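Asker: The primary structure of each chain is shown beneath.
2 protein chains.
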Amino acid sequence: MNLKYIFEPKSVAVIGVSKTEGTVGNGILSNILQSNFKGAVYPVNPKYKEIMSVRTYKDILSVPDSIDMAVICIPSKHVITVVKQCAKKGVKGIVVITAGFKEIGKKGKKLEDEIIAIAHKHNIALIGPNVLGVINTQQEISLNANFALKMPKPGNIALISQSGAIGVAALDYAHQHDLGISKFISIGNKAVIDESDVIEYLINDEDTKIITIYAEDIVYPDRFLKMAKKANEKLKPILIIKTGRSVRGAVATHSHTGALSTSDTAYDALFTKCGVIRVETLTQLFEYAEGFTCLKQPKGNRIVVVTNGGGLGVIATDAAEKYGLEMTTFEEKTLQELKLELPPTANIHNPVDIIGDADARRVSNTLSIIAKDKNVDAIVVSILPTVETDMNAIASNLCDFTKVNPKLPIFGNLMSLEPDPPFEELLENAHIPNFVFPETDIKVLAAIIKYHKWMKQPKTKTTKFEVNKNEARKLLNNIKKKKRIHLSETESYQLLESYGMKVIENSIAKDLDSALIAANKIGYPVVLKIISPDILHKIDVGGVKLNIKNEEEFKKAFKEITKKINKKCPDAEIQGYLIEKFFTEKSIEVIIGVNAITSFGSLIMFGLGGTFVELFKDVSFRLGPITKQDARNMIEETKGFQILKGFRGQSSYDIDSTIDCLLRISQLVTDFPEIKELDLNPIKVLEDGKGVVIFDAKVILAKEKEE
Amino acid sequence: MNLKYIFEPKSVAVIGVSKTEGTVGNGILSNILQSNFKGAVYPVNPKYKEIMSVRTYKDILSVPDSIDMAVICIPSKHVITVVKQCAKKGVKGIVVITAGFKEIGKKGKKLEDEIIAIAHKHNIALIGPNVLGVINTQQEISLNANFALKMPKPGNIALISQSGAIGVAALDYAHQHDLGISKFISIGNKAVIDESDVIEYLINDEDTKIITIYAEDIVYPDRFLKMAKKANEKLKPILIIKTGRSVRGAVATHSHTGALSTSDTAYDALFTKCGVIRVETLTQLFEYAEGFTCLKQPKGNRIVVVTNGGGLGVIATDAAEKYGLEMTTFEEKTLQELKLELPPTANIHNPVDIIGDADARRVSNTLSIIAKDKNVDAIVVSILPTVETDMNAIASNLCDFTKVNPKLPIFGNLMSLEPDPPFEELLENAHIPNFVFPETDIKVLAAIIKYHKWMKQPKTKTTKFEVNKNEARKLLNNIKKKKRIHLSETESYQLLESYGMKVIENSIAKDLDSALIAANKIGYPVVLKIISPDILHKIDVGGVKLNIKNEEEFKKAFKEITKKINKKCPDAEIQGYLIEKFFTEKSIEVIIGVNAITSFGSLIMFGLGGTFVELFKDVSFRLGPITKQDARNMIEETKGFQILKGFRGQSSYDIDSTIDCLLRISQLVTDFPEIKELDLNPIKVLEDGKGVVIFDAKVILAKEKEE
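Chains as they are written, first to last, in our numbering: chain B, 21 to 727; chain Z, 21 to 727.
Among the hints, a few may not be true.
Chain copies aren't distinguished; within one or between two, either way the pair holds.
Unchecked claim - Below, computed lysine-lysine pairings styled on DSS-like, alpha-carbon distance capped at 30 Å:
1) LYS637 x LYS704
2) LYS423 x LYS173
3) LYS704 x LYS659
4) LYS141 x LYS78
5) LYS502 x LYS522
6) LYS606 x LYS565
7) LYS530 x LYS503
8) LYS342 x LYS665
9) LYS359 x LYS129
10) LYS316 x LYS249
11) LYS126 x LYS353
12) LYS359 x LYS127
13) LYS122 x LYS359
14) LYS359 x LYS97
15) LYS39 x LYS104
16) LYS665 x LYS558
17) LYS359 x LYS130
18) LYS584 x LYS606
19) LYS359 x LYS126
20) LYS170 x LYS67
21) LYS173 x LYS250
By construction, these hints were calculated from the structure, which means they are not laboratory data. Note that this is a predicted model, so its numbers are computed, not measured.
Excised from the complex, chain B in its bound form:
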């Protein structure tokens, strides 16, 4: 379905316009007329011959011309009839302003489903229901088809809002801050068209350089992922504020991964995967959006601050440290030139203080010198009003500067005592973000630098190991046949081994005699565990003995376990005994977990064991399938990485093998989406080059229905 008919219609019908001011339809027609829409508008209302001097039709079928888009604002019970008429008329875009559908419950949901069916049948791009409307500021279209908002200033920021209220608040903010908007759309219930469809359209919209989204959910993460990646390929950053509701529902909480993934972990992982920048607040959304309108890629994170007020330099330096930017050190040549240019009381080192009596010329000369320095990736210019400062002249010089240095990002804080100084527009047109205080410039620059760093990261493909997929398939089918969902420890081990992972050396026995033979073969010390699909927590019921040193101890341990199990779990099916090597090699424990989350896919977790995971929740998440780079990032972004790589002169552990294990797990759960939960806890990571060994595995399949 093509959103061309929504954003670029040649003809618009407004169905349900009344002559009463303050009503929704009246507002929409008035806004379309006032916005100087370049197409024709057709009010529809059987009661009138004309509204606002425009010829009005009794229904859409009576309109003599073809209609690209219809805006519907009649009571919900009549909407279906009108949508059908639209379909008959050949309308290709519909905006259902009316509320009272899915959001009010079952009855509304039924109405909405009927509308969806019609839209799909006739290939209609339907927006809503329950929306504010649509805006396109593009001069050749100039369409303001909404009932609450004035036409914003044209610009490069597109805004997609799930909530109408936030749409109003956001465009209000944009208006107050003089930010330019390319497109605005309120998508409400997302019955047919959702944010991903709008992104798809905006990718090819020349006016849109930055996409901002307010979302309460993302129903089709897969498609969102695809579109977001495409937007990034076109260098259109997506900024999103995602609020509210949990996706936790589907996640069981008796696994570590489940307990540690908060309601929003899946969304975080989704956005990380496709380079979408998640912000926390509406203010931040627009600060970032304004920053990204600089449309430049900083080479690195070395910044310079130029100011006429020392205190601002101090503030900026603190902010740079906080947000991880480097206050660059100038080349010797730069220092010499600055010394010649600036008065003796100036500070020629970064932050450069050109002092209070600086005029526009001194600002420009300083910037020209700095721009030649190879160690400079971005500049922040923070200028207070003094008797000497002609801010309009300074702004105009900054605009000239960006023409000469088109690749060097420059951010301003030109302050003013006037409420709406003319230089603000100058700066905006030259794509120079101008914030109130330098701390905001620095925060936003840091986000831009992080984005471009992410963009430059090699996009490797997912690794494909040679594995024994058939064996795994057979094993899982077998379990499903038995209507079981929990794999026993040995089954879990087999599954992991079929995908090339190393589990602790072990053997299964049916009775004491065969167990003894197995123990002798493995070699003491060993561990003895009961095997039963009915006992999940073996240690708690006395089903595990560690560090058994010889035959005598083994016999004793065997008897004890059998006795305890008979007493505590008399009804458990005992499938046998597991004998494992007792491990003494130097190692550190990590955890890998997987949670399959409805519609998102497999959420993979990594973390060090013990207090790292229990208390500090020092874990990282990614949505599978993951690449080698993803796996490495997962490990590196935990604090535990410091321990793995050798903390304070201690030995380092086998990170490459840990990455290998993460990738094999990713391949396994991608091949078998029926794996709902998987917990490898612990995995012992040996010293560098010695590999990893899985010590305990819990695998749970989805119930047949859930798959």
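Mind docking chain Z on chain B? Use the hints.
Answerer: Chain Z only, in chain B's frame:
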């Protein structure tokens, strides 16, 4: 020195006014005249008879009337002469605008010192040098004695700025956001008057309800502490942004405490001690200041959000979770009343959605119902502009609401499509903070709630234990006599024992025979350590043996240690051998450290050992002396507290004894400020009720000069 002559002069001389517009003196005179100053102003310049139609004098001594305050803006080399004249004239307040003193180096410092001496001798309140000036918006004074700023709107916020530049930026922001200012002062080099003096004055200033400060350093923390505490007693919150420079210089880094205290830890600890609210950015400074102008104390942290746009409710709920506020649950009665009042599609639960067609009346009725609910501590009202919303009427109703409910804090987000809507002033006068988005209301409310919670915390006195101070004094004197600064392990233990702390059972021996007797007396297993003031890291040179199980092993260990030390540290003075009990009781390791920081006093640190401190830097700091409540807070604010109190059903450890230990250490370092560094690492905390045992102690005294 009384700042009355600075803020409330009856007569002001401006020394160094020229007729040239744009010069500093000219600007000041012009501002004083324009501000409609209620006293008399006397320009001083030998060249003119009048400036701006005001009679001008050749020097201050020629002025026929008495002068309360002189503003000096002549070149720095002439300032001393003029200050002397002022003293002779009996001027009690001087503002030295001129720069070129301490900040330019030695020569300037000398000039400044001379001025300081004159000011002190004649009891003159001298501001600066190197400042913008002073503002008092109080109607009966109406003084704007600065060269860069227009008279701000009168209000309750006082601003003290060390930097002139930040002063300009900040008052610019206040102007743009329509915030009222009571007093403004730029304090520059703080030669005589610093922020603490200004706070002292503001405590009794009726117009000032909130004190905001921009500071780059605080030279006299003790006095600041005292004044800040007094301000809090008067319920005047202090908001500070402290940037820049480190106080690290004095801190050695070979102790844990030193390495873990960042440059700003001492400032953080200072502000925590006196309830000063530290903010990160200028924006935050003013957001908080605006919030505090509500002048109300929330009873608790249970808030209600009322909105006409569902999305805003979602945003607010997310923010409440982020900032630790509780979205309250209404009483049943409230729900019933809301149900009667609101249309059926409204959401009567918190966040209350009164939906898009709400008018001013519905807003008021909803608030009146909610105000009666006992579970409500604060209200956020977030209203979008729609056809139905008369924002001025809503604002006016909110003002009435605060009259009826004077104790219930109410925050607004009344949005507007106009640039400067009239209702903003209404709200400000009624002390209803009004931010752009609800996220800011919530953030600011959280800060206010935290402040009042801190204020309500019982201000207990520091505990005084009965200790053997004389013994400690003797011990330390003895060490100083020997010109040593490092205490040996046994000396450290003795010091701690004299203050009633328990150290691991130990004994000292000179040779193998006496060591064997000691070991037998303590009982195996034991630990053997070499004692030498020359060896700081005993383990590294093989000077320690753990878990010695019997006499035979003991003899062997003794020989090994002696051999290794002879080889590795042949010149070390061996004072003997330390025999300690080898400890096997269940315990957890914590660290207590102290760093004496010049002018701040003793910075006390607490944290759990191991990765807690090493990797996660999970430690807390307070400035000594600390109270029992402080000690408890120190422990509770670390993550390690979860372990101490019994993590996931595991045993809990003796927190009371840990508090006791912290308090005794606080008393020790307060009694002996010559203790520069102290590291107790580890202290083993036993299970609940079993106490704590110190296992290793390092104490370093200040060099004689440093004391």
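Asker: Hint compliance check: list the failing hint numbers for this structure, sorted ascending.
Answerer: none
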